[in-house]
Each structure stands twice: as C-alpha cells, then as structure tokens.
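Chemist: Sequence:
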Amino acid sequence: MIVKIGYDVAMQGLTRKWKTPPATNPAHNLCDRILEARGIRTRSEYAAFLDPTLLQLDDPNEMPGANEAATILAQALRDGKKVLIFGDYDADGITAASVLYHIIAAATRREGPTIYIPDRMDEGYGIQPEAIEKFSEMGVDLVISVDCGITAIEAANRAVELGITLIITDHHKPSDDGQLPNCAAIVHPGMNTEPTTPFAGVGVAYQVAWAFARVWSDSPTVNKRLKQALLDMVPLVAIGTMVPLVNSNRIFARWGLQLLPITTNPGLRAIMKELDTPLQKLNAAHVSFGIAPLINAVGRLSQAAEAVDLLTHLEGDLATGAARHLAKKNRERQTVQRDIISDALEQIEEKQLAVQPIIILQDGDWARGVIGVAAGKCIETHYRPTILFARDGDELVGSARSISGFSIFDALSACAEHIVKFGGHDMAAGLTIRRDAFDAFVDAMTTYAKQTITQEQLIRTAKPDVIADLHELTHTAAVDIEKIGPFGMGNPMPVVQVMNAKITDVRAMGNKGAHLSMKVGKKGLRCIWWGHGDCAERLASGSRVDIVAKIKTNEFRGHSSAELDIIDLRLI
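In the numbering used here, the protein residues as written are -11 to 560.
Where hints are given, some of them may not hold.
Simulated pairs of lysine-lysine, DSSO-like, Cα-Cα distance not exceeding 27 Å [unchecked claim]:
1) 365 <-> 451
2) 365 <-> 339
3) 215 <-> 70
4) 261 <-> 316
5) 409 <-> 471
6) 538 <-> 500
7) 5 <-> 451
8) 500 <-> 451
9) 438 <-> 7
10) 500 <-> 490
11) 490 <-> 438
12) 316 <-> 7
13) 471 <-> 511
14) 70 <-> 5
15) 339 <-> 7
16) 409 <-> 438
17) 511 <-> 490
Cβ pair distances, simulated, as ranges [said to hold, decoys possible]:
18) 216 <-> 49: 44 to 52 Å
19) 541 <-> 439: 43 to 51 Å
20) 142 <-> 219: 36 to 44 Å
21) 219 <-> 333: 39 to 47 Å
Keep in mind the hints are simulated off the structure, nothing from the lab. Beta carbons: idealized from backbone N, C-alpha and C, even for Gly.
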C-alpha cells in the first residue's frame, strides 16, 4: 500500500520522509564512506571496529557492583552455602542464568546451582516475596538474580527478614521514585556515572561471571580453566543480547557468531541441528530469527525452565528431544502470534485507532506470553507506540512497545496512578492494571502521548548512510559491507541512496503479486521491495527513480550477486 504524506515531494518518498545523509569524502570507497558516516574515521578506529578482539570488552571493574557481587558469591560457595540463580523467562534471562550456572560449575568442578525461572502465567515478572519464602523453605542461603530484580523492593525486604543474602543483577530501569532494593549487592550498568555499553541482562551476568572468575582464581588474571569457560559462554551472550550492538555488545555478537559453529554446549548444538542452521554461513539473522525465538518460545507458552535445562546440562538424545520440543513450541507461538496480530490490526481499523498517537487494546482471547511480539508487529504496520493487554481475572496484563524518541517507561511513570505495577525501559515495558481502570488508563496515556509526541515523530523516516552511484553497488562492495556487521539495533544494516536510476525491468512477484521486483542501470542490478507489488503498475521500463535501499548479497543456485532491498523510492 502506498501512503501519501504531506511533505515536500522533493524531500519525500512514497512511504517515508528521507533524511539527508551526512557528508563524507567522495574519494573514499563505499564501505569506507559508510564507516565515516557512522563516526569511524581513523585507521585505528577502522581496525578496532572491523576486527574487534575480546580484549576490547569493558572490564568488569567498570561495572558497578560486579566485584562486590563476585566476592560475596565466591565466599558463599567456598563456605558451602546453598546458592540459587533467579532468572527471567525470556531469552535474555534464560541465557544470563545459564552463564552464571556454567561459570559456577566450572569453578567448583561440580554441578551448578539451582536455577529458578518464575512461571509467566502464575507468578508474573520479577522476584516476588512469595518466591523468597519458597526459597527459605528450600534452605537457600543466597539468591542472585539475572535480568530482573531492580524494582523488587518487597522481595528484598522479605529476604532480609528471612536471612537470605540477595544479589541483584539487572539492566532495567529502577523504580520511578529512585528507591533501590535493600540487598547485599546490586550490579547495574545504569549506576555508572559514565556508562559505556547498554548491556542486556546476559551482558551484565557475563561481567559478574568474569569478576567471579578473577576472585575464584585469586588473581587479576583468570586461570586457564575458567578463561576457557568464559570463552565458551560468549555465544550465549550473543544470543541473549537484544540491545544496541555497540561497544562490548557488538564484540559479543561478532565473536559469538564466530564461536557458535564450534560451541561445545550440547544444547546449543542440538538447537542449531534442529533448525538446520548453516554453520559455515552463520549470521546475525540466524540468531535473531531462529535460535533466540526458539529459546524464547517456551517462556511465552509454557515453562522457560525447559530451555534452561537444555542450555545447562542436557546432552545426547535428551538434548535432541528438548530442542525438538522447543521448536514445536516456537511453531505454536508463531500460530498464536499470527492470530493475535490479525485480530489486533482488525480492531485498530474498526476503532480507527491509527489516527491516535498511541494504540492501546485488550482482548480476553490473547495469550499474555505473545502480546509483546504482537505489539511490535502492530508498530511495523501503523508506527505508533502500542500496548496490548491480555485479561487475567480482574486484571489486565500488558506488554508495551515504542517508537524512536518516545520513552514508554516515562509514559507509564507519568500515568502510574492507573497502574498496579510496571517495569522495563524506553522501548519496551510490561505492566498490570485493573480491568475497571482500562478506560482511565487509555485516556491518561493518550493525553500524555498527545502532549509528548510530535506529528513528525509518527512518520517513518529513511536514514541513508551515504549517496552511492550505481556502478559502486557491486558484489565486492556488498561483501565488504557485510564486514560492518553483525547488524541489529545500534548497528543497522547500511542504507544507500541512489539517485536517478533508470528502470530496465519491473514486475510484481510472489503470492498474488505482493512484492515488487525491478532491475536498474546498465548492468540490471536487481531490486526487491517487499509488500509493494501494487507499485509495479505505476512504474515502467525507461522511467527513473531515486531509491533508498539496503545492499546485500543474494545466494541463488550457487551464484552470489549484489541485490538491493528497497526501503523507499520516489518517482522522478
């Protein structure tokens, strides 16, 4: 569908507003100009970015609370105390718990500690006082959280009352009033006055694991056995890192992709075998759209502990069977997700919510474990912050996703009087409200959004890195650009702007002509615009267009060539 937006045509494509690329040196090749546009200009910066080493990782000494937590944990293990790892039920929390399990197992040379993942449906998110009471009955002496806990004020107080040592490692935002849990140690990157890397929960856990390995080795350097254990865990960090791929996060992702094909983790090997992952051509997409969703699926529809077991101690046929079960759950998740998305989009159209600055819906048939992904898909269609709620008795359990420039966490904080509880960060959050407060909540959030979001923020933008000539868009250039990866949030796939390209062939392709395929230039560079097959009738061979697109390599029948994935175009 073509969307007309009221901007000067000279600055506007068919579907998006185009940003002007930053100025770069025209004498440089395409890849170098892209790096220059992203602030990488000197040879030393080039080397550090294109060929990063694990030595460039942020040192755990720079992570607030990491050394303190490591010291407390090591002493508890040496004293024979019973330790429990408390994790979240998503891929970040699951991999974070697995990281701490493996480093403790490697250090103590025995099976790692108990890992507890709350039931999404029965217990909800985070550490609850009831869980602490359960751990006390189990004889637990120390609880260390991963990817959660920074707002667990009541649970921390209950731990003090019951004599349980509590260590919290998290990356989410603290309570709006700034109150922190009363516990033995808090490890959180946001407490650094000059934070360098926006770590995910698994990244924070790795920092603690590294600090713990130093303490256990009784040396600033880590002994050989624990050093190997830390190296073996890098792929887990890569899988769980769904945060901006900058600084240490990018290094984890880059090295994780290199180490995944040779991982010794039986669970990861079973997952990749189940997914038929191409180990020799593994890239970030195989993790983002294959491995991570499979690990996430059980936490959304059943018990995340099943994924934890697979990543920590299952081997052989048990690992194979568990990976197959996770894949089945992921297929179920995809079916449920499609139904929710279809239903939500239908409601948005019926209620004409797309004209509002924020979309908020509830439904009694929606699975609460999948509504977050569905909210993200609604944003892809309507580009509005979106909150979807599933019903749970007298309450509504919601998941929120946002757009660039609008902090959903700040919005929820401003409307906290209508909310039972919430937590998260700028781009995503979870919350619970009473069913009878839904209308008041919608009114408050809509009012806040109208006062905060500008009309321009609700318009999708295309942000090309550079302007490129057609003759530069070769297979060699596409291969070179792949070295800028892994791509993801914080390090998106490079975007080029091509001016005055002559169309030599154009047609609709795919099921019911859903997509646009065209060739441009003398060499017939192939371009694909997914979901825009209806544009084919408006274009013709010989006409000229400006294009904003991603350049990539396309593999077909053993032949590799350059191809453009169109983001937007405009007619000349």
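Chemist: Does each hint fit the structure? Answer for all of them.
Modeler: Do the hints match the structure? See the list:
Of the supplied pair hints, the one linking residue 365 and residue 451 holds, its CA atoms being roughly 21 Å apart against a limit of 27 Å. Between residue 365 and residue 339, the direct Cα distance comes to roughly 18 Å. Compliance with the 27 Å bound is thereby established for this hinted pair. With a C-alpha separation of about 25 Å, the suggested pairing of residue 215 with residue 70 holds against the 27 Å cut-off. Between the alpha carbons of residue 261 and residue 316 the distance comes to roughly 14 Å, so the proposed pair stays at or under 27 Å and holds.
This hinted pair does not check out: residue 409 and residue 471 have alpha carbons roughly 43 Å apart, beyond 27 Å. For the proposed pair residue 538 and residue 500, the alpha carbon gap of about 25 Å is at most 27 Å, so the pair holds. In summary, the hint linking residue 5 to residue 451 is supported, as the alpha carbons are separated by about 9 Å, within the 27 Å threshold. For a cut-off of 27 Å, the pair hint linking residue 500 to residue 451 is broken: about 30 Å separates their Cα positions.
For the given pair, residue 438 sits about 24 Å from residue 7 by alpha-carbon distance, which is consistent with the 27 Å threshold. Note on residue 500 and residue 490: the hinted pairing holds, with a Cα-Cα distance of about 26 Å set against a maximum of 27 Å. With a CA separation close to 42 Å, the supplied pair residue 490 and residue 438 exceeds the 27 Å bound. About 42 Å separates the Cα atoms of residue 316 and residue 7, which puts this hinted pair outside 27 Å; it is violated.
Annotation: proposed proximity of residue 471 to residue 511 holds, straight-line Cα distance about 25 Å (limit 27 Å). Using a Cα cut-off of 27 Å, the hinted pair residue 70 and residue 5 is violated, with the two alpha carbons roughly 57 Å apart. Straight-line distance between C-alpha atoms of residue 339 and residue 7 comes to about 32 Å, which puts the hinted pair past the 27 Å bound. For a cut-off of 27 Å, the pair hint linking residue 409 to residue 438 stands: about 23 Å separates their Cα positions.
Annotation: proposed proximity of residue 511 to residue 490 holds, straight-line Cα distance about 11 Å (limit 27 Å). Between residue 216 and residue 49 the Cβ separation comes to about 22 Å, which falls outside the hinted range of 44 to 52 Å. Under the hint 43 to 51 Å, the C-beta atoms of residue 541 and residue 439, about 46 Å apart, fit the expected range. Separation of residue 142 from residue 219 is about 39 Å and conforms to the stated range, judged on CB atoms against 36 to 44 Å.
A hinted range of 39 to 47 Å for the beta carbons of residue 219 and residue 333 is consistent with their spacing of about 45 Å.
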